[in-house]
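Q: Using the sequences and the hints given, assemble the complete structure.
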Amino acid sequence: MHSFGYRANALLTFAVTIVALMCAIASLSDNLNTPSPTAEIQVVNINWFQKQTHGNDEVSLTLNITADLQSLFTWNTKQLFIFIAAEYKTPKNALNQVSLWDAIIPAKESAKFSIHTSNKYRFIDQGHNLRGKEFNLTLHWHVMPKTGKMFADKIVMSGYRLPEEYR
Amino acid sequence: MDWQGQKLAEHLMQIMLLASAVVAFVTGYAMSSFQMMMLIYAGGVVLTTLITVPNWPFFNRHPLNWLDPSEAEKHPKPQVAVSSKKKPAKK
Amino acid sequence: MGWIGIGESVRSLNIKQSLFQLITLGMIVSSALMLWKGLICLSGSESPVVVVLSGSMEPGFKKGDILFLHMSNEPIRAGEIVVFKVQGKQIPIVHRVIEVHERQEMGEVDLLTKGDSNPSDDRMLYARGQFWLKRQHIMGRAVGFLPYLGWATIIMTEQPIIKYILLGVLGLLIITSKDERHKFSAAKT
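Protein chains in written order, with the numbering used here: chain C, 1 to 167; chain L, 1 to 91; chain X, 1 to 189.
One should not assume that every hint holds.
Said to hold, decoys possible - Across the chosen pairs, the derived CB separations fall in these ranges:
#, chain 1, residue 1, chain 2, residue 2, range
1, L, Gln14, X, Gln159, 28 to 38 Å
2, C, Ile46, L, Val23, 56 to 66 Å
3, L, Leu47, X, Phe20, 38 to 48 Å
4, X, Gln21, L, Val80, 17 to 27 Å
5, L, Val80, X, Gly144, 25 to 35 Å
6, C, Glu164, L, Ser33, 46 to 56 Å
7, X, Ile165, C, Asn56, 51 to 61 Å
8, C, Gly5, L, Lys77, 37 to 47 Å
9, X, Phe20, L, Leu8, 24 to 34 Å
Said to hold, decoys possible - In silico SDA-like links for lysine to any residue, alpha-carbon gap of 25 Å or less:
#, chain 1, residue 1, chain 2, residue 2
10, C, Lys78, L, Ser32
11, C, Lys92, X, Lys63
12, C, Lys149, L, Val22
13, C, Lys146, C, Phe73
14, C, Lys149, X, Val51
15, C, Lys78, L, Ser33
16, C, Lys133, X, Glu108
17, X, Lys63, C, Lys133
Treat the hints as calculated values from the structure; they're not laboratory data.
From a predicted model like this one, the values you see are computed outputs, not experimental measurements.
We put the beta carbon where it would ideally sit given N, CA and C, even for glycine.
A: Quick look at the structure:
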């Protein structure tokens, strides 16, 4: 004969298993979403461009960032983590990615925005290769779910170039 | 609780929890609210607990006939060697 | 009904019972071990599941969340959330990669990480004289997560006495449940 404790235990175990299942299905439902994000970045100004005392190049920029990322949000989205990385090649390194700015978007309403800002993080090269360097600015986003699988993607914007001389 | 009641309680528990989960998921998805799904499911769990865990009388509609102590003495106890669990259910 | 006999019958039953319990316990432990090792193989990481221990990745990951890790041979790129251990320190750290410098000749890469809610990057956390993380420091990438469920682990680590109490209670339950199967209760439940 099953006791009170036995029934309570069976119920709890089953209930928790079901919760895990619901979370998994909710996560799977995110795959049904077809996002259509847009973004545009302008380099408004090169604030300064110097070779540091330790020999590495550093540049400071002001950017104008416009984006509409509302279609990335689903019912299972907790927040959107976005960042902008400058990507370029040097003779020594096949790929350099330097994060210039990031933000956390907590809700769909704030996912459509236009921002004027200088780089949050220092753009420092491993060396002194930045003069006249062509680089891409890529807007990356990471969709952090309330539960389950995280998604990440990006928009690559190319055609940016640093000045030939330090200033 | 009796055997029939036990079976009923177990089945009720499983069906009610699954039903709550389905209703919760569909509602939450339609309303685009994860929190709504969790709230509805939690409500369903509480309801299921109230109905299937305590020893309600409707689980005892086929009560077992326990042998009277005086009757038990008239019948010999089973031998341990065979380790049988047969109940001398004669009245 | 099955009454437990007295004398030698009891003793022999108890020995058989204890052996049975021991074997059952052994099977449970080895299945758990097989499952864990299998998970390690599948995820390619020596630690496929970690608990978030600090608030440096809030509001994305809070203390007590569980992260699922996966390590593939794909190159590590900026934005990925990685778990790494600093040489000489035991605690794994879960932060985001904000800089990647990958050499032309395939292989070596310099990485810089930062917690989302930290004001500055992790250079101060690295070992003395270490400016970059290398691939070998990375234990895995975070690919999925479950909220809140890691709190049990945190509590048991910070207050080991709770672990001992739990084990004691479990042991007691196993010992006392032995009798239930052979105890026939005439009372209605």
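Q: Confirm or reject each hint.
A: Hint check results:
At roughly 36 Å, the beta-carbon separation of L:Gln14 and X:Gln159 lies within the given 28 to 38 Å, and the hint holds. The hint said 56 to 66 Å for the Cβ distance between C:Ile46 and L:Val23, and at roughly 58 Å that hint holds. A hinted range of 38 to 48 Å holds for the C-beta pair L:Leu47 and X:Phe20, which are about 40 Å apart. The beta-carbon spacing between X:Gln21 and L:Val80, approximately 21 Å, falls within the hinted interval of 17 to 27 Å.
Against the hinted window of 25 to 35 Å, the Cβ-Cβ separation of L:Val80 and X:Gly144 comes to about 55 Å, which falls outside the hint. Remark: the range hint 46 to 56 Å for C:Glu164 to L:Ser33 is upheld by a beta-carbon distance near 55 Å. Taking the beta carbon of each, X:Ile165 and C:Asn56 are about 55 Å apart, inside 51 to 61 Å as hinted. A C-beta distance of roughly 30 Å is found between C:Gly5 and L:Lys77, which places it outside the suggested range of 37 to 47 Å.
Distance hint check for X:Phe20 and L:Leu8: the Cβ-Cβ separation is about 32 Å, which falls inside the suggested range of 24 to 34 Å. Under the criterion of a C-alpha separation no larger than 25 Å, the hint pairing C:Lys78 with L:Ser32 is consistent with the structure, at around 12 Å. Annotation: proposed proximity of C:Lys92 to X:Lys63 is violated, straight-line Cα distance about 40 Å (limit 25 Å). Taken as a hint, the C:Lys149 and L:Val22 pair is honoured in the structure, with Cα atoms around 21 Å apart against an allowance of 25 Å.
Restraint check for C:Lys146 and C:Phe73: the C-alpha separation of about 11 Å stays at or below 25 Å, so the hint holds. Using a Cα cut-off of 25 Å, the hinted pair C:Lys149 and X:Val51 holds, with the two alpha carbons roughly 16 Å apart. With a C-alpha separation of about 11 Å, the suggested pairing of C:Lys78 with L:Ser33 holds against the 25 Å cut-off. Distance check on the hinted pair: C:Lys133 and X:Glu108 sit about 23 Å apart at the alpha-carbon level, within 25 Å; holds.
Distance check on the hinted pair: X:Lys63 and C:Lys133 sit about 42 Å apart at the alpha-carbon level, beyond 25 Å; violated.
Violated hints for the displayed structure, listed by number in ascending order: 5, 8, 11 and 17.
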